[in-house]
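Novice: Residues per chain are reported as follows:
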Amino acid sequence: MKILLFILFLPLSAYAGMMSFSVSPGIVKFETVQGSVKSFDLNFINQGDNLLKVDVQVMDLKLDANGVPVISKMSKKNGQWGRFVKLDKNSFKLSGKQSKKINVTLKTPRGGYGGGYFAVVFNTSAAKSKNGNKKSKNSMTIGGQIPALFIGEISRMGTRKMQVLKGAINKAPYTEDNPFKFRFLLKNNGTTHANVVGDVLIRHNKKVVGRVRLESGSGLVFPNGERYFVATWDKFAKYANKKLQAEARFSYSGGRATKKMRFIIK
Amino acid sequence: MKRVILQIKSILLALTLAVVINPTVIASDELQELASLSISASVPPYSAVTVSTNELSFSVLGTPGTYTSSDIVKLTVESNQSAWGVYAESSDLKHIKQGIPPLPADRLSFSVDNGEFKPLRNNVLFLKGTADKETRPVELRFQLTTTWSDTPGVYKGRVTISFLNNP
Amino acid sequence: MNTKVILWVLLALPNLVSALESNSANVEVQADVQSSMQMQWHRLTLKDESYQKAKSKLTLDDSWMILPYGLYVELQTNDKDRNVFLHVDNLVSTNKIDTIHVDSIYISHNGKNPVPAENDLLILNPQDRGLLKTHVLLFIVKIQPYHKPGQYLANFKFINNTLP
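So the protein sequences, as listed, match chains A, B and C. Note that our numbering numbers the first sequence so that position 51 is 85, with each residue one more than the last. Note that our numbering numbers the second sequence so that position 83 is 171, with each residue one more than the last. Note that our numbering numbers the third sequence so that position 27 is 429, with each residue one more than the last.
To be clear, the hints were calculated from the coordinates, so they are not data collected in a lab. Yeah, the Cβ is synthetic: ideal placement off N, Cα and C, and Gly gets one too. Any given hint could turn out to be false.
With a cut-off of at most 27 Å between alpha-carbon atoms, the simulated DSSO-like pairs for lysine-lysine come out as follows [claimed, not checked]:
1) C:Lys498 / A:Lys134
2) B:Lys185 / A:Lys63
3) B:Lys185 / B:Lys244
Okay, the calculated beta carbon distance ranges per label pair [what the hints assert, rightly or not]:
4) B:Ile184 / A:Gly145: 23 to 33 Å
5) B:Gly241 / A:Met52: 17 to 27 Å
6) B:Ile184 / C:Ser426: 20 to 30 Å
Listed next, the stretches of chain C that the computed footprint assigns to chain A, with coverage defined by at least 3 CB atoms under 8 Å from CB atoms of chain A [unchecked claim]:
7) 506-520
8) 530-543
Can you make the complete structure from the sequences, with help from the hints?
Specialist: Given below as structure tokens:
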């Protein structure tokens with residue numbers, strides 16, 4: 035028997051809002067030395083007209099397989115340096131068209147090696163007015179969040195070692211909306227991050243019949259992270275039902291990785 | 089004008105000295121023509137444009153829109169030309185990274201002595217003068233308009249202020 | 403002879419000086435354009451045409467409940483490396499005792515089939531740079547027997563991400 039759920043939101047008068055903000059720089063790439071102290075300044079800018087309440091916190095940072103930052107609660111995992119970071123302020127209010135400077139201090143761990151990552155996250159909400167009426171308490175609150183990403187490494191201490199985990203082609207039929215694609219998954223088994231570039235050589239009867247560049251934005255892969263690299267080949271139709279070989283070739287600072295696979299285009 | 093006057097004074101001084109050191113000059117009530125000197129003086133055309141600062145910056149921190157630079161350029165023009173004009177032209181502002189579209193020149197506009205802002209495109213005439221009138225310095229203010237399609241980053245360009253003699 | 407030399411020098415000097423003066427001046431311009439993002443929203447109610455239009459595209463049985471409030475959002479950014487996600491928290495009762503977990507909440511984006519709110523919903527990606535994107539978001543609860551009736555508070559967050 036289904037229970038009829040009756041959910042009511044508190045009635046509200048017209049509810050609307052606007053937010054516009056930015057943080058500069060949005061990405062901080064740096065090198066450091068074991069045991070040293072490094073200081074950075076971030077500028078949070080309220081680009082809108084309304085007063086904002088801003089809470090600042092340090093969190094873990096990693097990238098998903100599409101290169102999108104994933105921010106999570108601070109931990110003691112290897113390569114996550116959030117616990118070595120101090121902020122000079124954790125909360126502030128900022129009027130419209132104003133900016134605020136936040137100082138970030140990192141004490142690089144003595145036993146650290148390789149890459150270290152963290153995010154300084156700004157959580158925003160509309161600042162409550164002094165004359166708030168209890169009856170008009172919002173049933174729907176809307177906030178914003180923007181991180182500044184810190185991507186660092188201890189100079190000359192990290193290793194980069196990429197491994198191509200797998201490669202595949204997408205399924206037919208191939209159309210303008212679903213073009214023929216190669217996709218490779220790369221894993222970083224090293225201790226620091228690397229920007230990777232790659233291409234695919236396509237062979238038929240040992241002869242090279244195509245070469246396409248593998249795309250993945252900046253190609254940045256964190257240690258223990260994975261990233262997809264994709265290439266589209268528009269001359270596939272000529273080789274339908276033929277045995278082909280694809281060789282994916284990746285290069286990064288300090289190394290290379292390759293993977294071969296056979297396939298037939300149906 | 090001041091330079092021309094200075095030149096004439098120098099010529100007269102030279103003439104005076106020539107007369108004084110010439111041993112054939114006799115102090116006399118009767119002036120006798122001893123020698124004649126023909127003088128031709130050509131006054132060269134002169135013009136100069138000076139600016140109080142060679143750098144202009146915009147800090148576009150907020151959402152796209154029109155931003156006025158806090159830098160004010162004081163422009164001084166000196167000329168003995170009969171009629172002249174001062175023109176301004178801007179280059180496109182190029183992004184420091186390659187492959188990113190520039191900000192077109194007509195996104196920049198300027199005003200003279202707190203007047204209306206006009207876009208800087210194709211050599212804009214903004215100041216005229218003549219030799220018989222003394223010019224005073226003018227203040228130039230600049231605005232930049234950005235849009236949502238402009239990629240963030242640093243853009244660089246140049247505004248050229250030129251003097252041209254009107255024939 | 404001495405006079406002529408002095409005169410020649412005096413007349414030549416101004417020409418030498420004017421050769422060094424310039425008829426133009428250059429002003430170097432630098433513009434520092436910051437990454438920027440703007441979002442505007444307002445609550446949609448049953449009476450709003452866009453709420454009704456989006457709702458009409460959904461075909462849901464009785465085990466689903468479309469909440470009587472939705473969101474209309476406008477987003478715009480100049481940053482080619484930025485994307486924006488909508489994050490939905492658990493619904494919490496006003497007495498702070500009961501919760502409707504986010505795994506029972508679904509989002510219909512511009513009238514499309516509902517997707518789980520457990521995963522942050524991508525509503526602005528780098529390809530949208532410069533464009534003003536509008537979104538109509540309806541919230542749907544998959545009714546579970548343990549859900550208790552009452553008044554609940556909803557918390558949404560627009561998560562900005564810059565791609566490194």
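Novice: So, for every hint listed, does it hold in this structure?
Specialist: Consistency of the hints with the structure:
1. C:Lys498 / A:Lys134: 34 Å, violated
2. B:Lys185 / A:Lys63: 17 Å, holds
3. B:Lys185 / B:Lys244: 11 Å, holds
4. B:Ile184 / A:Gly145: 23 to 33 Å: Since the Cβ atoms of Ile184 (chain B) and Gly145 (chain A) sit about 39 Å apart, the hinted range of 23 to 33 Å is violated.
5. B:Gly241 / A:Met52: 17 to 27 Å: This hint holds: roughly 25 Å between Cβ atoms.
6. B:Ile184 / C:Ser426: 20 to 30 Å: For Ile184 (chain B) and Ser426 (chain C) the Cβ distance comes to about 25 Å; the hint holds.
7. 506-520: Result for this restraint: violated, n = 0.
8. 530-543: violated (count 1)
Checked against the numbered hints given earlier, the structure breaks hints 1, 4, 7, 8 and satisfies all the rest.
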